[in-house]
Amino acid sequence: MSVGAPPEQGLRAWLLAAAPGSRWQARCGNAYLAWLKLRGNPLAMTGLAIIVALLLVVILAPLLAPGTPYGQDLANRLLPPSGDHWFGTDQLGRDIYTRVVHGAHLTLIIVVLVAILAAPAGLLIGTVAGYAGGIVDTVLMRITDVFLAFPRLVLALAFVAALGPGIENAVIAIALTSWPPYARVARAETLALRSSDFIAAARLQGASPARIVLRHIAPLCLSSVIIRVTLDMAGIILTAAGLGFLGLGAQPPLPEWGAMVAAGRDFILEQWWVATMPGIAIFIVSLGFNLLGDGLRDVLDPKQR
Amino acid sequence: MTQSREMTGAPAFQLRWAGGWLPKTINLVFSILLTFFGLLFVTFLIGRVIPIDPVLAIVGDRALPDVYARVRQELALDEPLYYQFWLYMTKVLQGDFGKSVITSKPIIDDIIRFFPATIELATLATLLGAFIGVPMGVMAAKFQGRWPDHIIRVLGLVGYSVPVFWLGIVGLVVFYKWLEWASGTGRLDVFYEDIINPVTGIMLIDAALAREWDIFFNALSHLGLPVSILGYYSLAYISRMTRSFMIEQLSQEYVTAARVKGLSEFRVVWRHALGNAMLPLVTVIALSYASLLEGAVLTETVFAWPGLGSYITTSLFNADMNAVLGGTFVVGMAFISLNLLSDFLYRILDPRSR
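If you read the protein sequences in the order shown, they are chains R and W. The opening residue of the first sequence carries number 672 in my numbering; numbering runs sequentially from there. The opening residue of the second sequence carries number 10 in my numbering; numbering runs sequentially from there.
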């Protein structure tokens, strides 16, 4: 079909070709099919829309909220929401709307950095443990179990206690507590793959264990790990916000949402908006990641439905 | 195992001995010990990488050099790491987590004082979550794709997305300030505090033992809000899992068989299907209990609840590393024990896994 396909059928035909002419075309085709399935899932699309909106807010922050998030105006402290201050003002007279908008990039940075640190680590540990087996497997999985044995926030607390408060250390602490589930997922996938024929073929051709793990097994485990990471994003956001709330994450005056909720706690009974507005922002963003993660799991991983 | 016994004709106890509970138990004990050891090692390592000098924390930064050296020697900080770890391990095994740098009281006493408050909170929340969540999940599975199902889905999504500390704050505004249905922060109103003698540390039990019913109901009104909020998370998780287990069970042939035999729908769903779904649910409930220990850290901070979670965070701000690590270790141990307990219950309840 692809060979004789007339060119005027265009991109869609090329993507949906039954016999793709190249590996690249097959990959694009698969991605397109997944996209079609995802598009049919309204909840997942809502999640995607929220995350795209978050990205837009991060990029367009100077346009959406032209003021500075640090500008204090002590004459206008703790004003309720109005036309001038959509979300009201906080205890230092700063506009809460501006701070929430400018705080979006902190949330995004934390999530992306944790994913960049934890996902490859989990993938590597899981695939190596699964492929090597034996004593290596036992040792690595035992380490994983120890990390899983701590409640995540408590372990992150202990790490932050050791490293000192701050946004970088919060990222490191959350990454240190995030990798074990990814390692578990990657190991389970590897165990299913390691005795397949194509791995045996690669081994017979003289591929080194490192090459087999990195080039043959890890790419196949990637989609499960990505789903797991996406499902975890909301948890990462909530943990980061929790650390910020406790005063151990981003430090004032940074407009981190969790820290903003903590600041508003002192005025909650009279000036409810100070703590409520950033809390709603946290809720919406983590809802977006949860919705998208659920949808992705349905699309990419039919086994777990 | 029965199969192999029939095949070989060997006495049952021999087979049980060979492939049965003994190696399994040894394996289990071994893995518990290893995890315990790992837990110790992690807290030890975290304690070693802290930038705070523990000697300075005790003697202050104006101490004479010889005082500094003596305290350093007392803390065994000059010894090699493996020896320090050995000392640390033997101490922890005796329940000695060191002394609080701030109050100079043993950490273990503090933990014993603060932990019951957390247990009280987490236990009541889990009970709430299980007693409401399981029936909700069953209804959602029975009416799959209809409104009970959608309610569960929304509850779950909101539960996984809303920050617990924020929910606590909003709850305080709505139910304490506006509606005046609940009491404020803390375990008791100020004028009830320190009246009853802590026997178990669990306020409801202590008040009931002392027959101080005013205090009992006051404690209950203080528990209402934090328990509801933590219980909501537990409910969201338990109902969602119940739903998926029940959907699986209801599609089985024995359910069809029971229906064909003419059993009432009520009996089929609540006795036959739920009876089988209860097995994995035990694990789920235990896990949700364990995760509440974690949610309690933030909830306790919001509600000024004197539990282990707020103890850890307060100690953290006082740079009291011994207290932080002791608390972390105890929470980790509780977590492991609950996991083991669920595993154990599963083995007892499910004859197939024996």
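Treat the hints as calculated values from the structure; they're not laboratory data. Beta carbons are placed, not taken as given, at the ideal position from N, Cα and C, and that holds for glycine. Misleading hints may appear alongside valid ones.
If you want a taste of the chain W side facing chain R, the calculated C-beta under 10 Å gives, among others [stated by the list, open to error]: (1) Leu37; (2) Ser40; (3) Phe45; (4) Gly56; (5) Val110; (6) Tyr169; (7) Leu181.
Review point. With a cut-off of 10 Å, does the beta carbon of Gly56 of chain W approach a beta carbon of chain R closely enough for the hint to hold?
Key: Gly56 of chain W check passes; min Cβ-Cβ to chain R is 8 Å, inside 10 Å.
Check your understanding: Are Phe45 of chain W and chain R close enough, Cβ to Cβ, to be under 10 Å, as the hint says?
Key -> Status holds, d = 9 Å.
Practice item. May I ask you to test the interface hint for Ser40 of chain W with respect to chain R, counting a Cβ-Cβ separation under 10 Å as satisfied? Key: It holds, given that the least Cβ distance between Ser40 of chain W and chain R is near 8 Å, below 10 Å.
Review point. Measuring from the C-beta of Val110 of chain W to each C-beta in chain R, is the shortest one below 10 Å?
Key: Since chain R brings no Cβ nearer than about 13 Å to Val110 of chain W, farther than 10 Å, the hint is violated.
Point to revise | Residue hint Tyr169 of chain W, partner chain R, criterion CB-CB below 10 Å | key: holds, 5 Å
Review point. For the hint on Leu37 of chain W, does the least C-beta distance to chain R fall short of 10 Å?
Key: Not OK, violated: Leu37 of chain W not within 10 Å of chain R, min 13 Å.
Check your understanding: Is the interface hint for Leu181 of chain W satisfied, with its Cβ closer than 10 Å to some Cβ of chain R?
Key -> Result: holds, 7 Å to nearest chain R Cβ.
The structure fails hints 1, 5 (numbered hints given earlier, in ascending order).
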